[in-house]
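Visitor: With chain R held as given, fit chain C onto it using these hints.
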Amino acid sequence: MSTNAAYIFDALRTPRGKGKKDGALHEVKPVHLAAGLLTELQRRHGFDTARVDDLILGCVSPVGEQGGDIAKTVVQYAGWDESVAGVQLDRFCASGLEAVNTAASRIASGWEDLLVAGGVESMSRVQMGAAGGAWLQDPEIAFKVRAVPQGVGADLIATLDGYTREDVDAFALESQRRATRARDSGWFDRSVVPVRDLNGLVILEKDEFIKPGTTMDGLAKLKPSFDGLGKIGFDDIALRKYPQVERIHHVHTPGNSSGIVDGASAVLIGSEKIGKELGLRPRARIVATAVLATDPVIMLTGPGPAAKKCLARAGMTTKDIDLFEINEAFASVVLRFMRDLDISPEITNVNGGAIAMGHPLGATGGMLVGTMLDELERRNLRRALLALCVGGGMGIATIIERV
Amino acid sequence: MSVFKYEKDADGIVTVTMDMTGPVNAMNGEYRQAMGTTVERLENEKGLAGVVFASAKPTFFAGGDLRELLAAKPGTEAEFMVNLLETKTQLRRLEKLPVPVVAAINGAALGGGFEIALACNRRVVLDSPGAIVGLPEVTLGLLPGGGGIVRTVSLLGLEKALPYLLEGTRVKPAAALKAGLVDELVSETAQLVPSAKAWIKANPNSWLQPWDHASFRIPGGTMHQPHLIQLVTTATAMLAKKTRGLLPAPERILAVAAEATLVDFDTALRIESRGLTFLAMTPQAKNIISTMFFQMNEVNGGAGRPKGIAKSKVKKLGILGAGMMGQGIAYASAMVGIEVVLRDVTLEAAQKGKAYSEKLLSAAVGKGRMSEQKAAGVLALITPTADAADLQGCELIVEAVFENLELKAKVTQETEGYLADGGVFSTNTSTLPISRLAKAAKRPVDFIGIHFFSPVDKMPLVEIICSEQTSDAALAKAFDYARQIGKTPIVVNDSLGFFTSRTFGTYLDEGARLLDDGVAPASIENLGRQIGMPVGPLAVQDEVSQELTRKAVETHRAMDVLYSKADTQVSSEICERLIKEQGRGGRYHGGGYYDYSASGEKTLWPGLQAFVGKPAVLLPEQDIKDRLLFRQVIESIKCLQEGVLRSVADGNVGSILGIGAPVWTGGFLQFVNTYGLQRFIDRASELASRYGDRFQPPELLLQKAQSKLAF
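Sequence order for the protein chains is R and C.
Position one of the first sequence corresponds to residue 1125 (the numbering used here), numbered consecutively onward.
Position one of the second sequence corresponds to residue 14 (the numbering used here), numbered consecutively onward.
Pulled out of the complex, with its shape left as it was, chain R reads as follows:
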């Protein structure tokens, strides 16, 4: 075991607001979203902010009001000590967890003491894709890397694995059920910090994207999201790599894919020493992290291999893990993950996921840390493994352990 273990002292998030102009958080600037969490972290723990070395925030569309190293702006806007640095990073949908893992590594290196890691994404204010990217928009490069929209990849996974529309819808329904139960039972209350305006008035208190009234019939009526994109040519591009598939079944709809939402997350991570010095009680330790890449065309099959890599690094097997959390980018991603690891749905995404609650791209990874931490404590369990599929075929995983 490392002498410089990275401890999680707390993990906060905003509620997730519908990422459209009628969403409650549309009126909230991304800087304000993230800064509110810093303020609350400091309020809850009373530390001198000068002791924080850096704020690491994931953000996938770092342009416009999310541009210009938003993390530094957040630190200043929150009124933290001017010695605190800030950095924004982008590993697509894993950015939030990448921030946490980076923080863990930096603490483990012994070179830093206290960091805040998380992410922010206002998808209603800065459109997904606003930052562009050569892999999709530069024809020369797109031809070479065979870029295919993720949804087509998700449908390809379902086709390869034989998940029917009913399978993915049933999974979505369960996500809604679990998320509703968790929210309404107050299981998210510890980590969810209401978003307030400049007057201190509450703008959004709890997750608003969850649809408790979801039914299989309702889900079945939704049109496939990626049928059109597939037909214009992306199916063909994908199938060049998967000639064994006759055709892709487009089973994913807005109902069984992650929702577009606004939100932010912040995890306070540090060494044992600073915890003692500042009176911060460690809630968990970051045991191991892993990142890798798999086939970029199907794009979404990274989580299983990443989890295995992470387990191997920790010297563990799935039997050592009590709860699994895999970001619900698309239903087939979760189904593939459970199949890859041979784990039960009973211990996977126990409180629902992004299909029900939404996936605020850069923030999600940090949010999952809090969700798992709270749930381990609620159930008095020990270890959780978190994973996300990532653009470009990457996968990321983290194991946390209560202390």
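Note that these hints are calculated values from the structure, not bench results.
From the three backbone atoms N, C-alpha and C, an ideal C-beta is built for every residue, glycine too.
Do not rely on the hints blindly, as some may be mistaken.
Straight-line distance between alpha carbons at most 27 Å, and here's what the computed DSSO-like set of lysine-lysine pairs gives [unchecked claim]:
| hint | chain 1 | residue 1 | chain 2 | residue 2 |
| --- | --- | --- | --- | --- |
| 1 | C | K173 | R | K1145 |
| 2 | R | K1196 | C | K423 |
| 3 | C | K191 | C | K173 |
| 4 | C | K109 | R | K1144 |
| 5 | R | K1145 | C | K86 |
| 6 | C | K423 | C | K455 |
| 7 | C | K86 | C | K593 |
Here's a subset of chain C near chain R, in silico, CB distances under 10 Å, partners left out [to be verified]:
| hint | residue |
| --- | --- |
| 8 | V276 |
| 9 | M294 |
| 10 | L420 |
Guide: Chain C in isolation, oriented as in the chain R frame:
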């Protein structure tokens, strides 16, 4: 019976005539009730073809109810938001009616009044000077929270909307039409409603607001576009320079206006509401509204003028001394049609004084702000002379010769006899006691001080000083004259330095004391500006001139009254030494605390700290700021305590208009109210223990705090 009269004509057009309780229509509880009922009735009106909003008052609609706004206390934000939301929802429902809605603007439509008009599909305005439109909220520390920011930005685009929002410009009908703020002018009141109805009949389908069209784009673009990002970046810096971070209102307005281009219309409206809720609770807004609106109205309305004396007008005015003050007074008086006799010892000197008016008038003509004929008429009213007999029949004489007791006595005696029956002799002085000057007069009851500020044509304040003998009639005459020339008159009792000079002197003195403590001159100057004073205390001293300060000290010493009121010994001594040892007598004399280049640029004299000869110290910035501000506040409280000030309103208005008290403070007395009396006492005591007894909280303050009263 609603205060909104509702009449439907044969064509199905409803005219809503607003006639609220009180002299004006205003946004308050009564308004929300009346508007709510009206909108609901309109929504349910069968065969509705259009709506005209009109006013039964001389003005269209006055805006927000400032008493209601002043009463909103921190902790009531949620309730405030609810009321705001109600107002906004009503206007939103009004503009979504499927018929054209027209505002028929007969008189001033400012603030909330113009916001109602903006929620109409069309604005028809009576082409009269009084029918001004605009969003002056910023001048009261607020923002237009009834949709004013969002609709102006949506109507004109961010770039064109910003000046109206940030400066609160009141726009005359022709200019408003040109700017696109209104759509049509009519020349007669009687044409207003018919013209509105005619447009409705001709355009029955023009009921969808531009911003409710599916294809709507804000004119000029959004903050996603480089040209607007650059514009706003520049505007931010310019505003920061102007307000020094002391005025939250323009900052919030710029922020809300910029953000309005990034979100949809309804979200933008909500952001705007949160902004107003925030501003309404700030001490700055309370201070500004309380002083610049309520107390200013009180002062201008004659609170300091004796009651029961008929209003008078000066037809013929005598001015003694055609120097800087005399020529300015001549100009200000002639501009309002007063016949002016400008007398100096020689005709040449008097003519030189008149030439000042000539210069200002020809500049106005050159800029197209005045006709040549008008300018010639004004100029013809000023008669320069060396002959005292020309003063025959003046109702008021303003003596404005040098600050010298003997000289002033001499000219008083020379000219007093030429006054018309019941005429008043006034002296323009900033340092000499009125009672002493009055001794030269045959009729001391008709003798009064009128302290003008330089430059007279720009400075809005006059300080009227009564001696113990000054009659009510003389005061009334002086007061009326001040109002006649458009000045705001405060009335004080005679005491060394009166109110303004005495308090102003403490700013200069505290600057000198900081210098004497070893504080870097640049810090003193910058921190003086950072509290909101127009310029640093050292720069002000240079303008006043060290030489003048020295002369005043000599005079006061001769009269045996030196430092009998404000203790400005340190600044006096430094000024005297600076003149004696360095020949630095002030800006006019070639340099003082600063060096002045030929082009008018100034740089702190590099030898200053060495000249003072004290080891450099680093005091906490907050201490420096508080010393510069608290000195003046404490002196103002003493003026009230001693009866030099006759009212709190005079103290507040006088300090802002006369001596540059930062507008965010609401004046040097009001500042204490929102700072907190006890908190002020504690901080003043702390400063006293650290820097000297001049910071001891005055007795009146302690009493007020104990009885939980405010100023």
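Visitor: Between C:K86 and C:K593, does the CA-CA distance stay at or below 27 Å?
Guide: Roughly 55 Å separates the two Cα atoms, so the pair is violated.
Visitor: Regarding the pair R:K1196 and C:K423, is the alpha-carbon distance no greater than 27 Å?
Guide: violated (71 Å)
Visitor: Is it true that the CA of C:K109 sits at most 27 Å from the CA of R:K1144?
Guide: holds (22 Å)
Visitor: Measure nothing beyond the straight line between the CA atoms of C:K191 and C:K173; if it is 27 Å or shorter, mark the hint as holding.
Guide: Holds, because 12 Å separates the two Cα atoms, which is no more than 27 Å.
Visitor: Holds or violated: C:K423 and C:K455, Cα atoms, limit 27 Å.
Guide: holds (12 Å)
Visitor: So, C:M294 near chain R? Judge it on the closest CB pair being under 10 Å.
Guide: holds (7 Å)
Visitor: Was the hint right that C:V276 lines chain R, CB cutoff 10 Å?
Guide: holds (6 Å)
Visitor: Would the stated hint for C:L420 survive a check requiring a Cβ distance to chain R of less than 10 Å?
Guide: violated (59 Å)
Visitor: Between C:K173 and R:K1145, does the CA-CA distance stay at or below 27 Å?
Guide: holds (26 Å)
Visitor: Next pair to validate is R:K1145 with C:K86; report whether the Cα-Cα distance is within 27 Å.
Guide: The hint is violated at about 32 Å.
Of the numbered hints listed earlier, those contradicted by the structure are 2, 5, 7 and 10.
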